[in-house]
Amino acid sequence: NAGVTQTPKFQVLKTGQSMTLQCAQDMNHEYMSWYRQDPGMGLRLIHYSVGAGITDQGEVPNGYNVSRSTTEDFPLRLLSAAPSQTSVYFCASSSPGQGNEKLFFGSGTQLSVL
Amino acid sequence: AQKITQTQPGMFVQEKEAVTLDCTYDTSDPSYGLFWYKQPSSGEMIFLIYQGSYDQQNATEGRYSLNFQKARKSANLVISASQLGDSAMYFCAMRESRNQFYFGTGTSLTVIP
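Chains as they are written, first to last, in my numbering: chain A, 51 to 164; chain B, 29 to 141.
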């Protein structure tokens, strides 16, 4: 059982370049989300989705786009990378319901924007 | 206002001793969940323990227990019998009924041999 798979693990971009961070889960989770982790800031929610075709903004959505065409996939797009987007990115999923709906995390993507 | 507050940027504990990591939260939602995650230097996020807002008893998972004080809006993590492998960043998190998760800024725990 692969869980949450994130690719790539590392990426270096130049300012203005675009890229997509991939996220896939094989647990049939309805809820998927993207976070960025910066030193001293904890994890901050970028975008989330509660099901295919449904997305919403989190705490820090500017500069990022998402889509959810299938239950399994939730890619994060940077349309024009900026140095302020240098961070570690985590994708996470969970299954909403009653009880312990813990987040399952991917292994993270270290992104540097020069 | 911060949804999750962790006031201890760094903590030290002697091996085999117990340690408490503080977490306070802010929500007006009657239904919420509280979580603790561990992030070792390798970077992965490891789930440790969960407490639901309606749970009457404090959650326990092996050496981890969550000291849940609802009226004070605190959810402190207690690690008993600390081990060297417990050295890591620890994040407190809250899920509200809208299914948004909020994380604290973390506490760096160092276990001293």
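No wet-lab data here; the hints were simulated from the structure.
Quick caveat, the model's predicted, so the values are computed rather than measured.
Where hints are given, some of them may not hold.
[What the hints assert, rightly or not] Derived PhoX-like pairs: lysine-lysine, alpha-carbon spacing no greater than 25 Å straight-line:
| # | chain 1 | residue 1 | chain 2 | residue 2 |
| --- | --- | --- | --- | --- |
| 1 | B | Lys101 | A | Lys59 |
| 2 | A | Lys59 | A | Lys152 |
| 3 | B | Lys101 | B | Lys44 |
| 4 | B | Lys98 | B | Lys31 |
| 5 | B | Lys44 | A | Lys152 |
| 6 | B | Lys101 | A | Lys152 |
[Stated by the list, open to error] Simulated restraints, written as ranges between beta carbons of each label pair:
| # | chain 1 | residue 1 | chain 2 | residue 2 | range |
| --- | --- | --- | --- | --- | --- |
| 7 | B | Thr88 | A | Gln67 | 46 to 56 Å |
| 8 | A | Pro89 | B | Ala46 | 27 to 37 Å |
| 9 | A | Ile104 | B | Ala46 | 25 to 35 Å |
| 10 | B | Gly71 | A | Val100 | 24 to 34 Å |
| 11 | A | Pro146 | B | Arg100 | 21 to 31 Å |
| 12 | B | Gly90 | A | Leu164 | 40 to 50 Å |
| 13 | A | Thr136 | B | Asp83 | 19 to 29 Å |
| 14 | A | Ser117 | B | Glu89 | 31 to 41 Å |
| 15 | B | Asn127 | A | Ser157 | 20 to 30 Å |
| 16 | A | Thr65 | B | Arg91 | 45 to 55 Å |
| 17 | B | Gln84 | A | Gln67 | 31 to 41 Å |
| 18 | B | Ser70 | A | Met77 | 45 to 55 Å |
| 19 | B | Gln84 | A | Asp123 | 21 to 31 Å |
[What the hints assert, rightly or not] Quick partial rundown of chain B residues pointing at chain A, CB under 7 Å, derived from the structure:
| # | residue |
| --- | --- |
| 20 | Pro68 |
| 21 | Ser69 |
| 22 | Glu72 |
| 23 | Met73 |
| 24 | Tyr78 |
| 25 | Phe96 |
| 26 | Ala99 |
| 27 | Asn127 |
| 28 | Phe131 |
Glycine included, every Cβ here is placed at the ideal spot set by N, Cα and C.
Hint-by-hint comparison with the structure:
1. Among the hinted pairs, Lys101 (chain B) with Lys59 (chain A) is inconsistent with the structure: their alpha-carbon atoms are about 37 Å apart, more than 25 Å.
2. Between Lys59 (chain A) and Lys152 (chain A) the CA atoms are separated by roughly 23 Å; this keeps the pair inside 25 Å, and the hint holds.
3. The straight-line distance between the Cα atoms of Lys101 (chain B) and Lys44 (chain B) is roughly 29 Å, outside the 25 Å bound, and the hint therefore fails.
4. About 15 Å separates the Cα atoms of Lys98 (chain B) and Lys31 (chain B), which keeps this hinted pair within 25 Å; it holds.
5. Note on Lys44 (chain B) and Lys152 (chain A): the hinted pairing is violated, with a Cα-Cα distance of about 28 Å set against a maximum of 25 Å.
6. For the given pair, Lys101 (chain B) sits about 20 Å from Lys152 (chain A) by alpha-carbon distance, which is consistent with the 25 Å threshold.
7. For the pair Thr88 (chain B) and Gln67 (chain A), the beta carbons lie near 48 Å from each other, so the given range of 46 to 56 Å is met.
8. Taking the beta carbon of each, Pro89 (chain A) and Ala46 (chain B) are about 28 Å apart, inside 27 to 37 Å as hinted.
9. Taken as a hint, the range 25 to 35 Å is violated for the pair Ile104 (chain A) and Ala46 (chain B), whose Cβ atoms sit roughly 44 Å apart.
10. Checked against the given bound of 24 to 34 Å, the beta carbons of Gly71 (chain B) and Val100 (chain A), roughly 27 Å apart, stay inside it.
11. Hint check: Pro146 (chain A) to Arg100 (chain B), Cβ distance near 28 Å, so the stated range 21 to 31 Å holds.
12. For the pair Gly90 (chain B) and Leu164 (chain A), the supplied restraint of 40 to 50 Å holds, since their beta-carbon distance comes to about 44 Å.
13. As the Cβ distance of Thr136 (chain A) to Asp83 (chain B) is approximately 39 Å, the hint placing it in 19 to 29 Å is violated.
14. Evaluation of the 31 to 41 Å hint for Ser117 (chain A) and Glu89 (chain B) yields a pass: the beta carbon distance comes to about 36 Å.
15. About 23 Å separates the C-beta atoms of Asn127 (chain B) and Ser157 (chain A), a value consistent with the hinted range of 20 to 30 Å.
16. For the pair Thr65 (chain A) and Arg91 (chain B), the supplied restraint of 45 to 55 Å holds, since their beta-carbon distance comes to about 46 Å.
17. Look at Gln84 (chain B) against Gln67 (chain A): about 53 Å separates their beta carbons, and that is not inside 31 to 41 Å.
18. In this structure the hint that Ser70 (chain B) and Met77 (chain A) lie 45 to 55 Å apart at CB is violated, the actual value being about 22 Å.
19. One distance hint, 21 to 31 Å for the beta-carbon pair Gln84 (chain B) and Asp123 (chain A), is violated here, with the actual separation near 39 Å.
20. The interface hint given for Pro68 (chain B) is violated, since its Cβ lies 12 Å from the closest Cβ of chain A, which is over the 7 Å cut-off.
21. Among the interface hints, the one on Ser69 (chain B) is violated; its C-beta lies about 13 Å from the nearest C-beta in chain A, farther than the 7 Å criterion.
22. For Glu72 (chain B), the interface hint holds, since its Cβ comes within 7 Å of a Cβ in chain A; the closest pair sits about 6 Å apart.
23. Given the 7 Å rule on beta carbons, the hint for Met73 (chain B) holds: about 4 Å separates it from the nearest Cβ of chain A.
24. Residue-level restraint check for Tyr78 (chain B) holds (minimum Cβ-Cβ distance to chain A is 4 Å; threshold 7 Å).
25. With 7 Å as the threshold, the beta carbon of Phe96 (chain B) stays out of range of chain A, its nearest partner Cβ sitting at about 14 Å, so the hint is violated.
26. With a cut of 7 Å, the hint placing Ala99 (chain B) at the interface with chain A is violated, because the nearest CB-to-CB distance is about 23 Å.
27. Contact between Asn127 (chain B) and chain A, as hinted, is supported at the beta carbon level, the nearest pair being about 5 Å apart and thus within 7 Å.
28. With a cut of 7 Å, the hint placing Phe131 (chain B) at the interface with chain A holds, because the nearest CB-to-CB distance is about 4 Å.
In this structure, the hints that do not hold are numbers 1, 3, 5, 9, 13, 17, 18, 19, 20, 21, 25, 26, in rising order.
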